[in-house]
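**Q** Assemble chain B onto chain A, guided by the hints.
Residue numbers (my numbering), protein chains in the order written: chain A, 183 to 585; chain B, 183 to 585.
Since copy identity is lost for identical chains, a pair holds within one copy or between any two.
Straight-line Cα separation of at most 16 Å, EDC-like style, residue types lysine to aspartate or glutamate; simulated pairs:
| no. | residue 1 | residue 2 |
| --- | --- | --- |
| 1 | 272 | 253 |
| 2 | 407 | 370 |
| 3 | 192 | 436 |
| 4 | 319 | 294 |
| 5 | 319 | 298 |
What the hints contain is simulated information worked out from the structure, not anything from laboratory work.
The model shown is predicted, which means the values in this text are computed figures rather than measured ones.
Number of protein chains: 2
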Amino acid sequence: MKTVSSRAQKLIASPIRKFFPLAESARKKGVEVLKLNIGDPDLMPPQALFRTLAKLAKLSNFNYAPSSGIELCVSAWQKYYQKLGLKFEKENIIPTVGASEAIQFALWALADPGDEIIVFEPLFTNYKALAALLDVKLRPVTLKLKDNFQLPGAKEIVRLITKKTKAILIINPDNPTGKVWQPREIKEVIDIARKYNLAIIADETYREINFIGQTKSILSYNGAKERTILIDSLSKRFTIPGMRTGVIATTNAEWSQTILKIAMARLSAPTIGQLVTAALLGNARKYTDEIRIEYKKRSAVVQTELKKISGITINQPQGAFYQVVGLPVKDAEDFIRFMLTEFSHRKKTVWVSPMADFYITPGLGKNEIRLAYVLESKKLREAVEILGRGLVAYQKTFKHLNI
Amino acid sequence: MKTVSSRAQKLIASPIRKFFPLAESARKKGVEVLKLNIGDPDLMPPQALFRTLAKLAKLSNFNYAPSSGIELCVSAWQKYYQKLGLKFEKENIIPTVGASEAIQFALWALADPGDEIIVFEPLFTNYKALAALLDVKLRPVTLKLKDNFQLPGAKEIVRLITKKTKAILIINPDNPTGKVWQPREIKEVIDIARKYNLAIIADETYREINFIGQTKSILSYNGAKERTILIDSLSKRFTIPGMRTGVIATTNAEWSQTILKIAMARLSAPTIGQLVTAALLGNARKYTDEIRIEYKKRSAVVQTELKKISGITINQPQGAFYQVVGLPVKDAEDFIRFMLTEFSHRKKTVWVSPMADFYITPGLGKNEIRLAYVLESKKLREAVEILGRGLVAYQKTFKHLNI
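Only chain A is shown next, with the shape it has when bound in the complex (with noise of 0.2 Å):
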């Protein structure tokens, strides 16, 4: 029989994901597995979700949605939107099955086959996967975890500019790094963009995910709203990324007339997230106040913990709910492996993911990974410690050393 394509050749299983056969396989032995592995928060969704579904029992249209989204819907974004300042006509919002389908649309609408755009890794896998899919290639600047993963100066960007690009994309906050962008880094990529008449993909799923203030959108910085595409979700921000609420956005009316024939090849937007992205996105602040206390809590434990460990190099998150670990081993996937099989403390062991996949250039984040924290305080604290106490037992095994 005939193989597959080879863009789906070039897929990888997700870092995030692939050891999950070594985890099931600690639990059956009866280790507890505490999971810093994926970014699916623990927190519970707002009570709204709940009484907004028992009314939705009720509801008896499950026909189409219009592609262009739920009238409801639509306008609870633009509300939204208009409270951080941002104005947006019904038809320039687009409602999304996640945030992921809206990176497609994204892409779909600047990018043919072969085209380029400008990342910055380490960066969300699931970018490099739709990126391959839609056969679009990604050219990375590269962070350094050594740096806080600031940006280098505005040349390493230029300098992966051809005619070929078409657009800057921009994480803020960030995932895998849980980086907050600082205004002078923003404006640097906007006058690249505007200078270089690139377009701006600007991801902004953990807006309210910041420790140090509210998250300034790119598009209230000058120069940047005509040339944005604006990605968000409501799966970090109300803790129901099952629910699979997203949108896309933006005022560049060529840009929504084409993204509206993109959602209109895939007829529409399933009812029920639509409906609930209605009900929460109204009263939104009350809950995301309460999380971002939370995870600014749980990243204060975390960077805490991380200090009593020795021979580690760790970044200073701002937002998000990411921490990158520099790990003195060669082979941050081993280490995990060893974790997963090989280690145990009062029964208990850390699942974490390898950073190295959620790099382009290859080799970089090698002896890197990330841990996710969702788990509450205490947890966090001992999967940290047993991360440190692993660490010890790992070298002392001296498979480190790759000998």
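**A** Positioned in the frame of chain A, the structure of chain B alone reads:
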């Protein structure tokens, strides 16, 4: 600012939805628009849906589902197929966001940019749009209204095969024609696929809506199993298109693994849709038997009423809920505009879809329309009568002569 990608520029507005503004204007003028344009069924979903949603309102876990699907949902599909005599392992079955996403997954798994898929036109337009976005070329075998959309000789398929041909797509029962594929025709497709080592993409979304018996899945024919990717959906079967619940299934292990990696790129299908699937699929027959009888009755009503209109050509649908009508006009789109802007009978008019956009070969279907029978019989009878009156009125305007 940069313009849009070439692939997105190729997209056309949906023929089913593009007259929406005209229909809205008619409505605002006080004219009731009887909608036969879209395959968006009017029936009530099964009662079990509402019981399930009431239970889900208490669900507190809206975390990401596994990319491979929620166990309950996958196993419901497995059992459903088992009742049809089709054996799948759990890892062969991946729930999707409607059939639309399943189509994308199949095309991604099989085809690279520039690769070709053989299809039969007229063709459900979403295949055209998704193929354009994925840079896959559709090569059409033309089925003709005057032949009741029967398959012409095998050589009409064979002559389209090139080095780039990856698969043959078959939709059974068919949208937009209502054709139920005859076993002889299906065997012909399988024979060609085997001889030329092609995959088969089988879209059986309308499986239960078959007026002449049970639809035998292509997977139960000799030689089809290993080379087929099955696309399926609950949208029509349970009248819940807005829930966006579909599936992709294949017994070919390499494809299954590939499709799982593709599914990982979008993280997961919505939790609620998957749990609704689990609840509804187990006891499908009672509801689908009822709707089959209803659609069969409607088909008879449509046929009876259409036969009273002179000068038209019609096919004999045996499934789904569509009817194609050849009109004695030059340009069916012009007739549709006339119906929505100039004509009404007792303050009512009818909205139908033009067929030209369902064809790939330019120029075909210009005088054809599609009726979706998504109104109850009485309204449907009235709608077809109004269509007939509109046609007479249109002919009197001499517009059909294009002078």
